[in-house]
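Reading the sequence shown from the start, the letters are residues 1 to 414 in my numbering.
Derived from the structure by calculation, the hints contain no laboratory data. Values in this document were obtained by computation on a predicted structure and should not be read as measured data. Beta carbons: idealized from backbone N, C-alpha and C, even for Gly. Be a bit skeptical, because a hint or two may be false.
To be verified - 25 angstroms max Cα-Cα, derived PhoX-like pairs, lysine-lysine:
no.: 1; residue 1: Lys120; residue 2: Lys169
no.: 2; residue 1: Lys54; residue 2: Lys44
no.: 3; residue 1: Lys98; residue 2: Lys54
no.: 4; residue 1: Lys98; residue 2: Lys120
no.: 5; residue 1: Lys352; residue 2: Lys324
no.: 6; residue 1: Lys324; residue 2: Lys402
no.: 7; residue 1: Lys120; residue 2: Lys44
To be verified - Quick list of the computed label-pair ranges, beta carbon to beta carbon:
no.: 8; residue 1: Lys169; residue 2: Asp118; range: 19 to 27 angstroms
no.: 9; residue 1: Lys44; residue 2: Glu173; range: 29 to 37 angstroms
no.: 10; residue 1: Lys169; residue 2: Pro37; range: 47 to 55 angstroms
no.: 11; residue 1: Glu40; residue 2: Met363; range: 20 to 28 angstroms
no.: 12; residue 1: Gly215; residue 2: Pro315; range: 23 to 31 angstroms
no.: 13; residue 1: Glu173; residue 2: Ser354; range: 53 to 61 angstroms
no.: 14; residue 1: Gly215; residue 2: Asn318; range: 32 to 40 angstroms
no.: 15; residue 1: Val377; residue 2: Asn318; range: 35 to 43 angstroms
no.: 16; residue 1: Phe97; residue 2: Gly167; range: 24 to 32 angstroms
no.: 17; residue 1: Lys169; residue 2: Asn99; range: 29 to 37 angstroms
no.: 18; residue 1: Gly350; residue 2: Pro37; range: 34 to 42 angstroms
no.: 19; residue 1: Leu102; residue 2: Lys352; range: 22 to 30 angstroms
no.: 20; residue 1: Gly284; residue 2: Asn318; range: 42 to 50 angstroms
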Amino acid sequence: MGVVFSQQAGDELVANFGAGVDDEAYRELTTIRYSHPLVEDLNKLHPFSAEYRKLAMHVYNDLRGDVGRTYDPERDEASGIVADVADINTMASPWNFKNPNLISEFLHSWGQIFRHLDIKAGQSVLEYGTGSGQTLLMLARAGIDCYGVDIDTSSLSILQRQARDLGVKVSTEQASFGEGFATHRFDRVLFFESFHHAFDFENLLLRLHDRILPGGKVVFCGEPVIQGVDSSIPYPWGPRLDALSVYCTRARGWMELGFQHDTFVDLLWRCGWKVSFHPFPTCGRAHVYVAEPAWSGVSMFEPVELGRHAGTWHPAENGHRWSKARSLLSLPVGVPGGLNVEVKLSNYLGSKKSVRLSSGTAMVEFTMAPGERDRVVAIHRCDGEELVIECNTDSTPTDPRKLGVAVHHISLSE
1 MGVVFSQQAG DELVANFGAG VDDEAYRELT TIRYSHPLVE DLNKLHPFSA EYRKLAMHVY
61 NDLRGDVGRT YDPERDEASG IVADVADINT MASPWNFKNP NLISEFLHSW GQIFRHLDIK
121 AGQSVLEYGT GSGQTLLMLA RAGIDCYGVD IDTSSLSILQ RQARDLGVKV STEQASFGEG
181 FATHRFDRVL FFESFHHAFD FENLLLRLHD RILPGGKVVF CGEPVIQGVD SSIPYPWGPR
241 LDALSVYCTR ARGWMELGFQ HDTFVDLLWR CGWKVSFHPF PTCGRAHVYV AEPAWSGVSM
301 FEPVELGRHA GTWHPAENGH RWSKARSLLS LPVGVPGGLN VEVKLSNYLG SKKSVRLSSG
361 TAMVEFTMAP GERDRVVAIH RCDGEELVIE CNTDSTPTDP RKLGVAVHHI SLSE
């Protein structure tokens, strides 16, 4: 359960660490958990409903300690760092922690980012929430066309000082998430330890479709997305309840959200992104999510992350993924007039299949003959949150699994 949060507990936390959080305190605070009375209420609601958002903001206001003040990113996300610090090379984060073990987590993370950006010299990266700019500075040295946006002008000033020292170019603008550099589009958009500061995350993810070039991707690393049970994020998403996050919210006003893995994956699908997950075995900070527009189509034999619906499918195989008796896939929501979906599927088994595709009020039923291959079936004006594939299942002498149909590809259009 952890310590029950109260205004007194919040005040004591800030008083105890009023001089700032050094490396030892950083480690200590990450082990302490608070509980909050609204956790149970949040877990009863649809995680993307207006009521849920309202309660999540109430938790944030309670942790911050000023319920009457409206959250304002330009004011509340100020870093508090000193832009004209003398020794910029040792005092920029994360070097200022003076802890090689902690810094190794950032090195792992940067390696994961560079690998999954999958980018070449001359291509462009836009990073939102640059902080001290370490990622962009390294990418710029590798010949990448680098752009950075941060709400905090001090962070951008520190980044530019280092860029001048290194003799590299990094273009920066002070702006909100999703904005900056007018209508310019980029090969990649990057969030490293920054997306969790965005309370209006659904509109942000929708906006990002207008920020990438054809073939573009959005890469997330170092975000507090958890698998399994962790009392710091005891609901689908919301303000984190570990003491370090509560301290940052209480002392600085920062929005410190966390997400459960399935919720984060569902969120991306809802906003029109298919996603792959690339965990790092020894360092959670270095876990990476890569999002690509779902409108380009979903190949079900690729390592696509399915979130809470993963258990309704068999694992991906060469060229297809077997459905079960009832398999689901999250869909983009809010498409005017509904979504059009085409499914390419095969029946490799020796028995007839009776198949139903549905989404909300839209439905189509059909049969597939034994051995029928590469059939394309369309379902129009889908108004549900998921595509549902239902059919009878069979096993074979060599495969005891209950197999439905082999799904190859799913295409989406407005």
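Evaluated hints:
no., hint, in the structure
1, Lys120 - Lys169, "holds (16 angstroms)"
2, Lys54 - Lys44, "holds (14 angstroms)"
3, Lys98 - Lys54, "violated (40 angstroms)"
4, Lys98 - Lys120, "violated (32 angstroms)"
5, Lys352 - Lys324, "holds (15 angstroms)"
6, Lys324 - Lys402, "holds (7 angstroms)"
7, Lys120 - Lys44, "violated (46 angstroms)"
8, Lys169 - Asp118: 19 to 27 angstroms, "holds (22 angstroms)"
9, Lys44 - Glu173: 29 to 37 angstroms, "violated (41 angstroms)"
10, Lys169 - Pro37: 47 to 55 angstroms, "holds (51 angstroms)"
11, Glu40 - Met363: 20 to 28 angstroms, "violated (36 angstroms)"
12, Gly215 - Pro315: 23 to 31 angstroms, "holds (27 angstroms)"
13, Glu173 - Ser354: 53 to 61 angstroms, "holds (56 angstroms)"
14, Gly215 - Asn318: 32 to 40 angstroms, "violated (24 angstroms)"
15, Val377 - Asn318: 35 to 43 angstroms, "violated (22 angstroms)"
16, Phe97 - Gly167: 24 to 32 angstroms, "holds (26 angstroms)"
17, Lys169 - Asn99: 29 to 37 angstroms, "holds (31 angstroms)"
18, Gly350 - Pro37: 34 to 42 angstroms, "violated (57 angstroms)"
19, Leu102 - Lys352: 22 to 30 angstroms, "violated (60 angstroms)"
20, Gly284 - Asn318: 42 to 50 angstroms, "violated (31 angstroms)"
Going down the numbered hints, you'll see the structure goes against 3, 4, 7, 9, 11, 14, 15, 18, 19, 20, while the others check out.
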